[in-house]
Amino acid sequence: MNEALRTLSKGFSSVRIMEFCGGHTHALVRSGLLSLLPKQLRMIHGPGCPVCVLPPHHLQAVMDLLGEHPSLTAVVYGDLMRIPTLGGQTLAQMPPSSVKMIYSPMEILKLAEEHPERQFLFLAIGFETTAPATAVLLKELRRRNTKNVFVLCLHVLTPPAVQAVMDSFCGGADGTDLGSPGDRPEAIIGPGHVSLVTGISCFEAMAQRFKIPIVISGFEGSDLAEAVAMILRLLQQGQTGVFNQYTRALRPEGNRQAQSLLAEVMTVRSSFVWRGLGELPRSALALNAEWSEFDAEKRFELKYRSVPEHPLCQCGAILRGQKRPDDCRLFNKACLPTRPLGACMVSSEGACHAYLQRVEEEART
Amino acid sequence: MKEVVTSAHGTGGKSSFDLVQKIFKRHLAGPLLSPDDAASFPTPLSVGGEAATGVESLLVTTDTHVVDPIIFPGGDIGKLAITGVVNDLLTRGGRPQFLSLGFVLEEGLPLSSLSQIVASLAKEMNRHEIQLLCADTKVVTAREGKAGLMIASTLFGEPINPNNPNSQVGGCSTSAVAMSGPQVGDHLILTGPLGSHGLAVLQARETLPFQSTISSDCASLFPLLAPLLYENAKINYMRDPTRGGLAGILHELALQFKISFELDESSLPAQPAVRAGLELLGLDLLEVANEGVMLLFVPEAESAAVVERLRMHPLGQAAVVVGKVRPSRPASAVQAPLVMVTALGGRRVVPWPEALNLPRIC
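Protein chains in written order, with this note's numbering: chain H, 67 to 431; chain X, 50 to 411.
Just so you know, these hints were derived from the structure itself, not from any lab.
Every value quoted in this text rests on a predicted model; they were computed, and no experiment measured them.
Wrong hints could be hidden among the right ones.
With a straight-line Cα cutoff of 25 Å, these simulated DSS-like cross-link-like pairs (lysine-lysine) come out [claimed, not checked]:
#	chain 1	residue 1	chain 2	residue 2
1	X	51	X	74
2	H	399	X	195
3	H	166	X	51
4	H	176	X	51
5	H	399	X	307
6	X	51	H	399
7	X	71	H	166
8	X	307	X	283
If we take Cβ atoms under 7 Å as the criterion, some of the chain X residues that face chain H in the derived model are [said to hold, decoys possible]:
#	residue
9	189
10	315
11	317
12	318
13	391
14	395
15	396
16	397
17	400
18	403
So the derived label-pair ranges between C-beta atoms look like this [claimed, not checked]:
#	chain 1	residue 1	chain 2	residue 2	range
19	H	169	X	160	30 to 38 Å
20	X	155	H	209	54 to 62 Å
21	H	73	X	259	39 to 47 Å
22	X	349	H	181	54 to 62 Å
Where a beta carbon is used, it is the ideal one built from N, C-alpha and C, also for glycine.
With these hints in hand, go ahead and build the complete structure from the sequences.
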């Protein structure tokens, strides 16, 4: 495979490939593939890390709410426990009765049954991958007539984020650290797990607009090696469009059942603020009016206040693919997994967390 | 922010190491304090002119066990309280002989559970012909939602003497097993598959999104390794990768001996169900605790023979070379004392395990 990649990349002086998913960034490093890629291939790490793109003011609002409602328990996926908010406070420091960590939303049903005297607020985060599980939870809550669980729906959508990253390579007109169009990725490794739900056609418009190949890939190192090889061949042939490397699992139409579940339960928000990417139109999901009895935004008064990030934290530029974790002065020095200053170090899908496993000797490209 | 003890300090990762360095060693370090899991100390050769012990030195180790739940597939806290110290003593070539125990019981603990655990402890103790010398019991208020117990065990024993395999008191001990410490070029041999203890305990404790029949590897390794020590097999060093897993122990050793390591991903032994379960939970095979695996450091020339010898015993059937000791690389050693050659043939750093959200498992 290494040999094949080397041969394929011979005709290129440089190729910029963005892998959208944090899971892919992680697999690139863990599998050692990043250390094997020919020098002229430059991987740009995308924003596909749900915990990383969630602005901390949502967590702050939930923590404030927990302070006001002693009988309320926040139910979260593990990575959210350690995201720093105001004063470095994290959910992990809250009393155990206020916060429960879960692996699957279905665990909430048991919690709610065992503690009828408490109310539970589920922070439903993630891309299209985890949204169907939230939808299933809601249907089950209604079926069981459960009254003490509320869902704060913060699910986000992949295509607007991919587009925002591509658009952000616009030459830095506003004087910030934006990359130039010449730095824009020439190909994208598309999200395997997201596509299992959405199908692949939702990426077609983007491939045509930016005239690039998008190859949807699985999450093994060998999948990614194959995806990179496919991209090099497609670039050689000048082909654009969406292609499927993840054929063992991915049907082009996605999971129709999950799609209809989402349509039944959720609606697209008119806009949503992302960390790093800013406010993006039609980029996130909320519960629709039919399900408002479970909607935490309707049930509670969530008060949002701004949560300034560490002044040196580069999470924003890293999420836009314009900086690498080791471009950040805090990386692996002041910002460590035990004392994370930015979300990209907290999450197991974050690029900074992945880079802790990158072999140092690899020369910068 | 006021610094307090957190569960991260108990994971066996970098936080645990730092806590020991910054607080315990600062106040308690002394000339005899051992950096290893067991310590050697001099004994008076004679009392009243007569040989009392006949050995110049004894080995001692101590461990506190706080596993939650107290009974898990493949073992319980009682069995663990013995196998844990037996294995630790074994890392210095010690034969288990004399024991001291401390029990901290939580209010509400069913007496039937306590009885089951003490019986299990006794069974393991008797299997090794260990003699209990003293013990103590205390009762404390239960932690939220718990009614468990904690066990502190301290085990003494003499060093195994290859020249005197049948002796119960060791005889002349001048040629007792002497381990030189890890040497550059040594092969790293694991005696069994990784990860089953951590996953079995996690599964017994948490509501996991899958079911399996994984059971802990919790076992005394004395029957597996004592024969090799008596046969004077060339073993430069031994450690059991318990809390903090293989990655945790190798990072500690890299600092202690100023060496680095290279692991070979494709040779790391693990049961497929354990591998799959850990992957699903996002946990790293190298960071999860083991209670029945030993890591041996053996010169390259001898490693094939040692692996073959280990595989003759049921506990050692999966024994395999998983890596080697490399010299310390001054520039990058702090960053990357542990590098893995991946199945794809690439390289990656294996970081020091940090704040694992794992329950207390040993």
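Evaluated hints:
1. 51(X) <-> 74(X): 21 Å, holds
2. 399(H) <-> 195(X): Given that 25 Å is the threshold and the Cα spacing comes to 38 Å, the pair is violated.
3. 166(H) <-> 51(X): The hint holds at about 24 Å.
4. 176(H) <-> 51(X): The given pair, whose Cα atoms are some 35 Å apart, is violated under the 25 Å limit.
5. 399(H) <-> 307(X): 21 Å, holds
6. 51(X) <-> 399(H): 21 Å, holds
7. 71(X) <-> 166(H): 32 Å, violated
8. 307(X) <-> 283(X): Holds, because 22 Å separates the two Cα atoms, which is no more than 25 Å.
9. 189: 19 Å, violated
10. 315: At 11 Å from the nearest chain H Cβ, residue 315(X) fails the 7 Å test, so the hint is violated.
11. 317: 13 Å, violated
12. 318: At 19 Å from the nearest chain H Cβ, residue 318(X) fails the 7 Å test, so the hint is violated.
13. 391: Since the shortest Cβ distance to chain H is 3 Å, the answer is holds.
14. 395: At 2 Å from the nearest chain H Cβ, residue 395(X) passes the 7 Å test, so the hint holds.
15. 396: 5 Å, holds
16. 397: Holds. Min distance 5 Å.
17. 400: 5 Å, holds
18. 403: 4 Å, holds
19. 169(H) <-> 160(X): 30 to 38 Å: 34 Å, holds
20. 155(X) <-> 209(H): 54 to 62 Å: Hint violated: Cβ distance 39 Å, outside 54 to 62 Å.
21. 73(H) <-> 259(X): 39 to 47 Å: 42 Å, holds
22. 349(X) <-> 181(H): 54 to 62 Å: Cβ of residue 349(X) to Cβ of residue 181(H): about 58 Å, so the range 54 to 62 Å holds.
In the structure shown, a violation is registered for the earlier hints numbered 2, 4, 7, 9, 10, 11, 12 and 20, in ascending order.
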